[in-house]
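Student: Residue strings, one per chain:
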Amino acid sequence: MDEKKKLEESQAARRSFLGYLGVALAGGAATVAAGVLPKETQAAADAAPAPAIPNYDWSKHQWAFGVDATKCIGCLRCVEACKTENEVAGDAHHFRTWVERYVYLDGERSARVDSQADPVNIEASASEGKYRFANRYKEAKVDKAFFVPKLCNQCTHPPCVQVCPVGATFKTADGVVVIDHTYCIGCQYCVQACPYGARFFNEELSVTDKCTWCYHRITKGLLPACVEVCPVGARIFGDRNDKQSPISEFIRNNRVNVLRPDTGNAPNVFYVGIDKEVR
Amino acid sequence: MDPLFVAAPFTGYVYPNETVFPWGLMIVIYPYLTGLVAGAFTVSSLYQVFGLQRLRPVAHFALLTSLCCMIFVPVPLLLHLGHPERALNAVFTPHWSSAMAMFGFFAGFYVILLIIETWFVFRPYMVQQAQRRKDLLGRLYHVMCLGSYDLSEEAMRHDRKWIFALAILGIPGAHGLHGYVGFLFGSLKSREWWSSDMMPVIFLFSAIISGVALLIVLYVVSCKLRRVPIDAACVKVLGYTLWGFMMFALLLELVEFGSLVYKGREGIDMIMQFISTRLLVPFFILQIGIGAATPILILSFLFWRGTTGRALVAGIMLSAVLELFSVLMMRFNVVIGGQEIAKTGTGLLTFPWEIFGREGLLASGAVLIAPFLLLLVTVRILPPWHDSPAGASH
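Protein chains in written order, with the numbering used here: chain A, 1 to 279; chain B, 1 to 394.
Hints were generated in silico from the structure; no laboratory data involved. Glycine residues also receive a C-beta, built at the ideal position from the N, C-alpha and C atoms. There's no promise every hint is true.
Said to hold, decoys possible - Straight-line Cα separation of at most 25 Å, SDA-like style, residue types lysine to any residue; simulated pairs: (1) A/Lys-130 with B/Pro-3; (2) A/Lys-130 with A/Gly-107; (3) A/Lys-138 with A/Leu-223; (4) A/Lys-138 with B/Pro-124; (5) A/Lys-130 with B/Val-6; (6) A/Lys-144 with A/Cys-75; (7) B/Lys-263 with A/Glu-277; (8) A/Lys-83 with B/Pro-3; (9) A/Lys-83 with B/Pro-9; (10) A/Lys-276 with B/Pro-124; (11) B/Lys-263 with B/Gly-244; (12) A/Lys-138 with A/Gly-107; (13) B/Lys-134 with B/Pro-124; (14) A/Lys-276 with A/Ser-245; (15) A/Lys-130 with A/Asp-143; (16) A/Lys-83 with B/Phe-10; (17) A/Lys-138 with B/Met-247; (18) B/Lys-189 with A/Val-256; (19) A/Lys-60 with A/Glu-228; (20) A/Lys-144 with B/Lys-134; (21) A/Lys-276 with B/Thr-11; (22) A/Lys-138 with A/Ser-127; (23) B/Lys-189 with B/Met-247; (24) A/Lys-144 with B/Pro-124; (25) A/Lys-276 with A/Lys-83; (26) B/Lys-189 with A/Ile-274; (27) A/Lys-141 with A/Asn-121; (28) B/Lys-236 with B/Ala-311; (29) B/Lys-189 with A/Ala-266; (30) A/Lys-276 with B/Gly-12; (31) A/Lys-141 with B/Pro-124; (32) A/Lys-276 with B/Pro-3; (33) A/Lys-130 with A/Ala-81; (34) A/Lys-130 with A/Arg-77; (35) A/Lys-276 with B/Gly-345; (36) A/Lys-130 with A/Leu-223; (37) B/Lys-263 with A/Leu-223.
To be verified - Under 10 Å between C-beta atoms, here's a sample of chain A residues computed to sit facing chain B: (38) Ala-89; (39) Ala-168; (40) Phe-270.
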């Protein structure tokens, strides 16, 4: 009887030792994986602790953005609102959001692309701080044309976050990639790593800058400035955790695309009505 | 007041934010300097570890060259950073998934190794000088000896063991440092021009040839300045080393280029347009033609003909100068060229040259020259020469 008890004890001890070993190995593996792989687990780990925002729990939301390119009229109010809201430099080289115009002229196989930052368009508005698309194809026969609003894709596996040497840029628990301007060293490696050209250098602050889906607004229950001002509802924003939110319905009711899915970045801006040439 | 940024002109469609180049000339100088560090260390290791006795005249000089270049490696990075005062954040609070965060550790490890190896190599000289000189410099040597004055046979044997071990450890150290620089570019999937698994290897080989070429140039110049005869046998071995590595480096580069074109992934049309217009002169003519193919032909001719004496030294020297230029052009074509191809795959940007300013041509030139001014001072304090009585006899 005693022997049986001893055996049980020794087996229990061995099990608990193996258990500890397992935990230790798993912990070690997780540390390595968290360090190397740009996974959500790492984003969540990086995100802790939660910021002290009154009446806001970032673990309860999963923000996402939709763009219905079939609705966009290229009025560029979104660009203007974003620049004002986020105090982005008023020139033609720094944008948290921008709009691209794709025009297929009759007989041409590929699109002619420009944005509000194109010199011809700037000339038409007579200022880098005012935005409009010049009617440059007035004389030509246009076969097909559409606008595509662009902004940070707040990727699930953001390459910009992966490369930041100090972790100044990170993914929040609610799905937004933000930058700590007090910690960024200004190396611009993240600017290089973003395949969408969504990041830029803020020369005033000597740090990198980008779209945050107006994080200061969405955490107060407001919409991002660009969504707020869009007169045609081409920009859709909401919480994917809420099945009835505009973004959940947008994704449910449409066949949506993301930009450059081949990169593995898994963007969280979902597009409807974009053509094969849109990158 | 200086403008905060210089916008780049472009053709086709580029993302609006791309019109300000994130990385400028300082990031061209940075991999060039780390390459020289790794290359010069290779020369030193060929003697210390692999026993190439012919390289004795330059072995210790190579170590000092590597050290002087390494000291200046962080300078272009600091000049580039928006907040250089926060640079050490990358070491104190590194983000482990970042290739760049590892730089501080690689560099720190290698600098310490280099300083210790240099100390062991020059210890006998420092001890002799500390005991002989009574002036201020003598005091400096006393301090540098760190209280270690034993030059007995046993102590020297102990030193030699350390030098050998450090030289071995330095091989992965120096080459890891530079291979990592290649990885920094090659690991980015956002730019087709950079995104290649071969990038670290190409960087490594170009580093070795740049370091060997630098040693050839510096050695010949130093002999002229010191008015001592050039050891042609040593230059010949360096020439052979350069020749071999160069052929391999050029081949690697062409294979990489060929594979990029052959795969013909998205954006290749723009890349082809880029290389056939804008890159024609800096890449095909300057880097490949004049910088790489010409010295290979010169060296092949010299070795085939069995040239000796002054003609051999002159030929190798010319090849080394061309090769140094080629590697600098390679760094330029990678760093700047990569950013000239827009991420949209439908546009090209033109790098806006700046003369003045923190990352301008003048500042970059100064950072590039600075290590050699330091070397000029260092060889006076720690003479690495084997051919003069004042030199180290180890």
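Student: Taking the earlier hints as the rules, which of them does this structure contradict?
Tutor: 2, 3, 4, 10, 11, 14, 15, 17, 20, 23, 24, 25, 31, 32, 37, 40
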